[in-house]
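Trainee: Line order of the protein sequences matches chains A and B.
Numbering follows the working numbering, in which position 64 of the first sequence is assigned residue number 64; successive positions increment by one, without gaps.
Numbering follows the working numbering, in which position 19 of the second sequence is assigned residue number 19; successive positions increment by one, without gaps.
Read the hints as simulated data drawn from the structure, not as lab findings.
A hint or two may mislead.
Unchecked claim - The list that follows gives simulated cross-link-like pairs (lysine-lysine, DSSO-like), each with its CA atoms no further than 30 Å apart:
(1) A:44 to B:69
(2) A:51 to B:3
(3) A:44 to B:52
(4) A:54 to A:41
(5) A:78 to A:54
(6) B:69 to B:54
(7) A:44 to A:78
(8) B:54 to A:44
(9) A:54 to A:15
(10) A:41 to B:3
(11) B:69 to B:52
(12) B:69 to B:3
(13) A:41 to A:78
(14) B:3 to A:44
(15) A:54 to B:3
(16) B:69 to A:41
(17) A:15 to A:78
(18) B:3 to B:52
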Amino acid sequence: EAGVTQFPSHSVIEKGQTVTLRCDPISGHDNLYWYRRVMGKEIKFLLHFVKESKQDESGMPNNRFLAERTGGTYSTLKVQPAELEDSGVYFCASSQTLDPPVGQYFGPGTRLTVT
Amino acid sequence: LAKTTQPISMDSYEGQEVNITCSHNNIATNDYITWYQQFPSQGPRFIIQGYKTKVTNEVASLFIPADRKSSTLSLPRVSLSDTAVYYCLVVAPDAGGTSYGKLTFGQGTILTVHP
Chain A
1 EAGVTQFPSH SVIEKGQTVT LRCDPISGHD NLYWYRRVMG KEIKFLLHFV KESKQDESGM
61 PNNRFLAERT GGTYSTLKVQ PAELEDSGVY FCASSQTLDP PVGQYFGPGT RLTVT
Chain B
1 LAKTTQPISM DSYEGQEVNI TCSHNNIATN DYITWYQQFP SQGPRFIIQG YKTKVTNEVA
61 SLFIPADRKS STLSLPRVSL SDTAVYYCLV VAPDAGGTSY GKLTFGQGTI LTVHP
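Work the whole structure out from these sequences, hints included.
Mentor: Shown next as structure tokens:
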């Protein structure tokens with residue numbers, strides 16, 4: 001079974017530019033999550049999709065961040081325009097919808113560097 | 001959301017059993033306890049999850065006392081490859097109470113296994 005994949009693995013952009021991160025969840029997983037870790041900080045939740053709907057976007061830092069999951073498959077996270085403080089590692093995770101909850105499967109992350 | 005507290009770091013030797021205890025005094029009735037492992041430059045990896053008493057899988061055991069205010073992750077006979085950061089998390093239902101969503105990470109416990 002293929003795991004969660006993320007592209008690119010590393011991105012270096014200049015302040016003010018736009019970057020789009022992509023996440024391909026495990027096939028059949030309705031839940032898709034975005035997290036990020038900025039330098040020296042803890043991993044923070046950004047948002048949660050259930051299929052193509054945003055279930056919880058309480059962690060999105062501001063309106064420069066736009067997440068989409070068209071068709072309920074892969075997801076993109078766009079940062080426009082990027083700022084220096086956006087640098088960090090962006091993780092995507094996916095899971096099935098079960099009660100009790102099951103573990104989330106994380107991708108390897110995309111390391112974003114804004115210069 | 002229940003806050004978790006766990007040791008910042010632990011040291012062990014190959015072949016020993018390692019127990020990492022986490023406190024979560026404010027855990028709510030519908031919350032679950034879950035543990036993740038993270039290696040450098042990788043995303044977190046789900047290890048084990050439980051609600052009460054004892055849960056065991058091929059990787060670890062999780063002990064949860066009756067009051068559920070703490071939990072202990074037990075790793076039997078650790079090896080050098082178990083050197084990683086271990087996160088204790090409390091998973092709560094989302095605002096609507098219909099599903100379990102975001103994970104709230106703390107600093108985790110840095111486990112170092114020595115030869």
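Trainee: Okay, which hints does this one fail, numbers in order?
Mentor: none
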